[in-house]
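Asks: Each chain, letter by letter, is given below.
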Amino acid sequence: MRFLRARTPEEALRLAEKHPDAKPLAGGTDLMVAWNAGRLDGKTMLDLSPLKAWARISPAKDGADVGALVTHARLMRHPEVLKFWPLLAEACGTVGGPQIQARGTLGGNIANASPAGDPFPPLAVYEARVRLVHAGGRRELAFLDVFAGVKKTHLAPGELIESVHLPHPPKPSRQLFRKIGTRAAQAISKTMMAGLLWLERDGAVREVRFALGSMAPTVKRLHAAEEFLRGRRLDRPTVDKAVELLAADVSPIDDVRSTRAYRLRAAQNVFRGFLEGRLGRS
Amino acid sequence: MRKGTVGANALRKEGPDKLTGAARYIDDYDIPGALFGVTVRSPGPRGRIKDVRFDLAFPWDQCVIATAKDIPGKNAVHLLGDDQPLLADGVVNHALEPILLIAHADRATAWRALEHVHVDLEPLEPVLTMEDSLSQKQVVWGLDNVFKDITIVKGDAQAALAEAPVVVEGEYRVPHQEQAYIENQGMAAWFEDGTLVVMGSLQCPYYVHKALQPLFALPPEKVRVIHAVTGGGFGGKEEYPNMIGGHAALLALKAKKPVKMVYDRTEDMLATTKRHPAVVRHRTGLTKDGKLLAQEVDIVMDGGAYMTLSPVVLSRGILHASGPYECPNVSFRARAVATNTPPNGAFRGFGAPQTLFAVELHWEKIAAVLKKDSIALRRLNALRPGSTMATGQVLKDSVSAVQVLDTVVKKSAWAKTRQAHARWNKDPKKPTWRGLGLSLVHHGGGFTGNGEVYLKSRAGVSIDRKGSVKVLAGSTEMGQGASSTLAQIVADALGLPYDSVSVERPDTANVPDSGPTVASRTTMVVGGLLKRAAEDLKLALAKHGGSAKRLCGDALERRFLAEYERAPGMSFDDKTYKGDAYATYGYGALAVELEVDKATWETRLLRVVTAQDVGKAVNPRVVEGQIVGGTVQGLGWALLEQCVYKAGVMQNPRLTDYVIPTALDVPDVEALIVENPFPGGPFGAKGVGEMPMDLPGPAVAAAVLAATGLFLPFLPLTPERIQAAADAAQAEKELVS
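Top line first, the protein sequences correspond to chains R and U. Going by my numbering, the residue at position 240 of the first sequence is 240; the numbering climbs one at a time, nothing skipped. Going by my numbering, the residue at position 62 of the second sequence is 62; the numbering climbs one at a time, nothing skipped.
Calculated from the structure, these hints are not laboratory results. Please read these numbers as outputs of a predicted model, since none were measured by experiment.
Cross-link-like lysine-lysine pairs, in silico, DSSO-like; alpha carbons within 30 Å at most:
id: 1; chain 1: U; residue 1: K733; chain 2: R; residue 2: K241
id: 2; chain 1: U; residue 1: K291; chain 2: U; residue 2: K578
id: 3; chain 1: R; residue 1: K241; chain 2: U; residue 2: K426
To give a feel for the contact side, a few chain R residues facing chain U, derived at Cβ under 10 Å:
id: 4; residue: V33
id: 5; residue: N36
id: 6; residue: T259
id: 7; residue: A261
id: 8; residue: V270
Cβ atoms here follow ideal geometry from the backbone N, Cα and C, with glycine treated the same way.
Can you build the whole structure from these sequences, using the hints too?
Replies: Have a look at this one:
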């Protein structure tokens with residue numbers, strides 16, 4: 001294994017350009033597993049962990065910028081995150097266990113592109129934007145547009161995740177994060193979900209966002225159900241229809257962790273509970 | 001008289017070494033010149049080996065390769081039958097069966113070599129389920145696929161069932177379970193002046209000692225087995241070390257160099273033994289009041305491709321099939337059958353958790369039919385002093401079924417908790433359903449039937465000129481606390497302080513064969529031998545005026561050994577299964593309170609209360625450790641653990657996907673130790689290692705039933721399986737209405 005270490009962002013971009021195949025190393029919690037299995041033998045690693053500039057949570061005009069190297073442990077305790085993006089804080093608290101939370105980073109998690117990334121449903125409903133940087137410049141992608149498939153992203157060779165921009169959401173009427181894992185901790189998600197709901201005074205839906213993880217190759221927003229719900233009151237037939245529409249945007253599978261039927265039924269039940277006001281909080 | 005150490009929480013003898021990292025597990029030994037060995041395994045469940053191809057591009061000249069042809073003796077892993085080859089020769093009977101061995105000086109290169117060997121099989125139709133094995137879809141073992149067929153008969157169950165006012169039938173299924181010890185299997189082997197030396201992670205040094213002799217055509221004195229610090233066993237290191245030890249030794253013989261083999265987690269989970277899956281069918285005849293009239297039980301266990309320990313697992317299974325109840329008419333049949341899957345083997349409980357799951361959960365079904373409380377039914381039928389068991393054994397001392405049951409009922413506030421649940425479950429606003437379930441078991445201590453008589457175990461103590469006393473036994477410390485427990489027994493028998501007694505490292509060159517470290521027998525049986533030996537030493541010391549120096553005379557040390565003797569009046573007939581199946585039994589009860597999420601069917605344990613009679617807790621903290629650890633392991637089997645198989649290969653051989661509980665998945669286990677002394681055990685002690693494993697399965701299924709109304713006669717009760725059952729029940733209801 002070849003090991004490169006970047007001490008400044010400029011050096012990181014230079015090295016990434018020179019070694020476009022190099023695997024970026026942030027917290028290393030996923031790479032360690034691959035390394036142990038021999039999958040990194042002969043590969044080049046680019047260590048980004050010394051880049052302090054990418055490890056900050058900084059206020060921005062309409063929200064905050066979270067550096068790629070910010071750990072889950074910091075996100076789950078950060079006062080601003082707890083105030084404006086509590087579902088993200090909650091999701092970060094369900095990642096692995098305390099050891100993985102302390103090492104694992106938001107940027108590393110996104111780059112790893114697992115369908116079971118716990119912070120992804122919150123980032124999807126907060127409509128985060130991901131800042132990518134390479135030697136020639138910067139670009140920004142909507143969070144959902146980063147992913148190309150299971151463990152695949154649209155990052156170009158030599159491109160690195162610099163930060164994640166979180167816009168301030170208007171205060172929701174109701175919000176929810178729920179992880180259904182294989183056990184209480186150190187668990188990979190069977191499915192997990194995040195929801196934000198804004199109601200008009202008359203009870204009609206002004207806006208709703210709901211996202212599911214582990215239900216498709218990448219994290220999914222429930223576009224069909226969301227669109228159907230906008231402008232409607234949450235009466236029984238409307239909720240029934242929305243719950244039915246959930247299936248339109250996901251494609252869960254049978255695997256060693258769970259079944260297609262269970263994933264779908266559990267997600268629909270939680271979605272129903274959220275819309276009916278039994279699950280989630282204000 | 002000084003205060004003894006038995007009954008005190010003496011510190012673990014091996015504790016400081018483990019805490020400071022000084023303890024050496026087999027992979028911590030840097031053996032000069034050693035090669036690292038790996039195993040080429042069968043890619044399919046059954047077939048003829050057509051060809052083994054080696055990629056030309058790999059530096060094979062740096063490797064040592066061993067095949068069945070290199071075995072100097074008999075190609076069989078000696079155990080109950082000699083049917084399992086050390087290396088497949090011509091045919092394979094399960095996926096992952098060892099075919100050849102490769103050693104290389106560099107571990108990574110050895111592992112890489114595996115990618116450059118290709119085994120071509122001519123596939124044969126495999127048998128992958130117990131049903132296909134029983135119906136002889138293919139005969140894959142012996143004449144009829146049956147490793148062992150046992151019956152137990154008492155009275156006339158058929159006649160009693162024909163006349164019984166109430167007959168309740170049920171079928172129960174339990175799955176594989178992985179031992180999931182922290183340290184994977186590992187052994188090292190070398191030859192020293194013509195003696196084969198094997199050292200590693202193992203429970204039973206003398207099993208390995210016995211298995212290596214016919215493989216290498218060596219006499220006993222030319223084989224030496226040494227115990228390395230062992231990171232957990234749970235039965236998984238009872239018989240498998242014979243295999244990996246034989247492999248390391250064969251490579252060492254061929255290479256003329258030491259060889260170490262250590263599995264990684266995936267290989268360990270794919271290839272080594274697991275708990276036997278079982279199907280248990282009950283037909284029970286009762287009076288209208290719920291008094292047992294007849295029990296008819298049919299047990300089938302999946303042994304995997306080779307016999308290994310299946311006959312004795314089956315034996316313990318059938319001997320616990322009645323549960324801790326007295327029944328006048330009994331007809332039990334048990335069969336262990338062959339499938340083309342990796343052999344199943346010893347695992348804490350050893351057949352009993354399988355049959356006890358069935359009989360205990362069956363009470364819930366009986367209770368529903370009779371419209372009676374299952375606890376009252378248990379109490380009515382429970383074993384008491386003077387009860388006659390299925391084998392005709394009459395119980396005398398230390399019978400505590402009713403006592404542990406009442407203790408748990410009281411401690412769990414049974415009636416009050418159930419009432420609270422009824423209120424909770426009526427409220428549609430609550431996000432969960434709650435339930436409380438209970439189980440009651442007995443567990444035989446020591447080997448089954450005449451096992452202890454055949455073992456002729458020997459254990460003893462030594463004293464040197466300075467008066468230092470050592471425990472001499474082949475019994476191993478594997479994290480369960482045997483060292484401190486045995487040292488405490490010896491210290492008190494001698495009237496010496498605990499710190500003056502140490503424990504000799506198990507090494508067949510240096511300690512007697514005290515039998516395997518299994519079957520809840522170490523404290524009760526080996527501890528008993530040690531107590532006798534220590535008492536002999538005490539007498540001898542007294543004769544020499546208390547002087548160790550005079551006692552030793554010209555010798556550096558003196559040894560005092562005791563050999564197992566059957567208790568007077570005990571007998572067992574292996575053919576008819578009549579008589580005293582076990583010297584004594586432990587008794588345990590456990591209550592589980594849990595809730596099931598209405599949206600996701602996830603279960604959450606709220607409270608676990610258990611009372612277990614161990615005769616005498618030599619070291620209460622160690623006993624509590626066994627109870628809590630066994631309970632958590634049982635809760636894992638009940639709720640989380642699932643070996644997913646496809647074509648005879650486990651699909652989730654990783655601890656990421658084979659989900660065992662963590663500390664967050666279980667509440668604090670409230671463990672109450674009951675001490676009803678057994679006169680035949682040291683200071684009254686009985687076994688405790690396995691019993692905790694028997695209890696959680698049926699209690700959890702009963703609690704899920706109480707919470708959801710779903711009777712689920714299988715494990716594990718994952719959210720997926722509860723959801724499927726709930727949906728099926730809903731569909732049926734809609735069909736009816």
